[in-house]
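K.L.:
So the sequence lines, in the order shown, correspond to chains R and B. Note that this note's numbering gives residue 238 to position 238 of the first sequence, counting from 1, and the numbers run on in steps of one. In short: position in the second sequence from 1, add 1000, done, that's this note's numbering.
The set of hints was computed from the structure by calculation and includes no laboratory data. Glycine included, each C-beta is placed from N, C-alpha and C at the ideal position. Treat the hints loosely; a few may be bogus.
[Stated by the list, open to error] Here are some, though not all, of the chain R residues that point toward chain B, as calculated from beta-carbon distances under 7 Å:
1. 226
2. 227
3. 230
4. 405
There are 2 protein chains.
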Amino acid sequence: MINLELRELLTHIAHLEGVSALLSWDQEVMMPGNAVDARSRQSEVISEQIHRLHTSDEFRAALAVNVNLETGEVHSGVNSIENKALVLIYRDWKKAICLPVSFVSEFSYLISQSQHAWQEARAKSDFSIFAPYLEKVIAKNREKATLLGFKDQPYDGLLDEFEPGMTSAELTPLFLRLRESLLPILKIIVQMQPGALALAGKFDVSRQWKVCQKLLSKMTFDTDRGRMDQSTHPFTTQFHPTDVRLTIRLNENTPLEAISGTLHEGGHALYEQGLSPEWFGTPIGEASSLGVHESQSRIWENCVGLSLPFWEGVYPILQEAFPELLNVISLDRFYRGVNYVSPSLIRVDADELTYHMHIFIRYEIEQLIFRDGVPVSDLPGHWNRLYQDYLGVAPPNDALGILQDVHWSCGLFGYFPTYTLGTLMSHQFFDQALLEIEGLEDDIKAGQFGRFSMWLKDKIHCHGRGKTAKELVMDICGQEISEVSFLNYLKTKYLS
Amino acid sequence: MINLELRELLTHIAHLEGVSALLSWDQEVMMPGNAVDARSRQSEVISEQIHRLHTSDEFRAALAVNVNLETGEVHSGVNSIENKALVLIYRDWKKAICLPVSFVSEFSYLISQSQHAWQEARAKSDFSIFAPYLEKVIAKNREKATLLGFKDQPYDGLLDEFEPGMTSAELTPLFLRLRESLLPILKIIVQMQPGALALAGKFDVSRQWKVCQKLLSKMTFDTDRGRMDQSTHPFTTQFHPTDVRLTIRLNENTPLEAISGTLHEGGHALYEQGLSPEWFGTPIGEASSLGVHESQSRIWENCVGLSLPFWEGVYPILQEAFPELLNVISLDRFYRGVNYVSPSLIRVDADELTYHMHIFIRYEIEQLIFRDGVPVSDLPGHWNRLYQDYLGVAPPNDALGILQDVHWSCGLFGYFPTYTLGTLMSHQFFDQALLEIEGLEDDIKAGQFGRFSMWLKDKIHCHGRGKTAKELVMDICGQEISEVSFLNYLKTKYLS
């Protein structure tokens, strides 16, 4: 058994993390503008306390009851799942004690400055405002990688934070293969598809909201254990499996943003609601990796939400909500419009195919930084060159180019690849679901998502970090993580 | 100067208190139902941390730099306001170190059980479900009073927590005089007033909401430093002077609840927004007492919001919002309806006169408990007898009787008297405001509350705990806290 003292310390830390998540949620969704400074300090106070507790003598002593702190060997007297948990608890602890409190608070202070600079730089479309901060953030990330330790190159130490066990040595060839397969498919699609869908008129946002609430409920999201709100940048967070919150953005020019947002964030939210409350505070009660998390959002957003059966079911509901705007557009035309593929400048607006080109570009820039030591001042040039090479578009300025994403200003390097990994896994999982759940497409058409949601919970959610991304894909699909399912899906959908 | 280490520790604690307040706000306004247990644990974790920090060796050492910890004497080298702050910081610290961590967590656990029992007891209208918990809560409060220390009787130790410096020896004769003066006034009013206002029809809640937002903004509430929401039980809270939040309840049967709620909670909220951010974390940045806080809500709710000038200004706006329902009712009739006085069973629904009878009853029950040691099982009998004696009404059951208020289940004894003290002070302050602000009634009629709001901020808010209730009333009005202003107001308003 995991000793009670350790369980209590872990639960205590997890509740502090819940509090920290509430502070962020409230900041995005509720907080009045002038409270930013006070909120930063509140968040800092909680983060410091988490780090202090995690690296305390108390925690060390409790962990030592179950684990040899020198070797990491788990003492006997625990079952296999407890053993898994303890291995991860030990690994997390080793990482935490590598980072001095001073490093953690300096980093956190730097990030708040850097985010501020990024916002200003983006507003003024001037990379030079952000550059000195980005330089510092990169240096701190190098330092972090060194403190945490890595085998091959520093970047792997960062990647491992988001996608445990994944390395550049695996990612680079996978991404290369994928890119080379996507380019010819993209070329054909762009030539043969009809024009983009032009929606005219205003889609009443309160009617959109109702449609999304209904959809979320059909996805089996439990509103007694969570809620949906609106925010400028949609996100999902959780304070505990009994309190999972997602946000979407309503856009009066199109209902598609709200619907895909509900599916995407709803997928994340179902993962969090599906985690085991009994294991709360331990790795078994946590999501496996960012990639697996993204697989859960993408499986709903893309595999379900861009499919014909889905729109056969949902389009009539949407037409009923907006008869004057949509009755003139046929299901077939609408479905093709939803799946319009076209190279563009902005990652978050990209279609399901070109999206990954945006990721490859970011991955390559991150490699240039951490592997090749390319100076920060050269990055906008590389960015623009890669957009031209991969997508054939030229960013007219930094705001629509290298300044478009928040991630780097937050110190997140090694995060972007998980978006593509998640998509690849989502298609592997979905292919398996189609095999295992008889009549799944009929369910989707009928808006009955119960069996599918339960399948995801049983196969993926309930294991938490007890299974890595690779283990999940192997156990569920009998495969390695690969691009095959995704490519087959694209070919069947767009080229046949 | 107050040493930096101490300032930082105080700020740290104040930010944790802000976090704790956010956890409560979110629980009332946002949180999904099933998250109650997780939220209780989150709150507990933060409360324990606050207590631990406040009673730490670190805090003791920092305090010792400015204060002799044996005698409480403040060392030289501070100015008069810093001296005031340090006296209070020392007093708060002495109280904190009197309470062992085990006492604090036992008390907190008992309260969560007791609140649960109270909810069930009220729902079933069965005092016996709540009685055993109430007994324990009373015992814990006795223990607390003993730990904190008191001069005359244990109840004074509890009262001092909410209204520093106030004692039963002062309160009892004040309340007695007030009750004896109110009884004959009540008798005359009830005989001579016209019938209650009967509002028919439904008042659209979104239109009510707009009226209330406009009113709050006219009160000079700053929405960049706070927000208004809805909740079942209206309240105001703050996480920092830059983040003050109030809630109101919308009732489709009457717009009066929302308007009086906006004025009442808005008054509390303006007090919090008026506190000094420079002194955040110190007593100078905190509200003086619960009584003073209540004076700020009552001055807006009653002195302003039940006056004829106020309704001369607001009633046309209300008629414009609900023409079909209100155009048939004259201003005079409406104003008299708003001020309808009548004995009733429920404190929170009471008019401005009989309200205090409800307080006297609770004060007397608290005296019976702590002074006379009356057993808990006898309390409903005393409650019903006192309602008969003071108000001539007979509670038909415990839910409409002794179980109506949440306070005792939360362990709050000595809290109720501050409601009446606050009202008395509000009339003393308002009389002075009428003398000092030329044309105040014209301002109120015109809905221009800026000068009044600024007067309150300058005279009261900005001093924080730097002035006690008694000092504020003396400095502003040149008087002791007394019933005279309130009684004069009632006689002028209702009997002339």
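K.L.:
If you test the structure against every hint from before, which numbers come out violated?
P.N.:
3, 4
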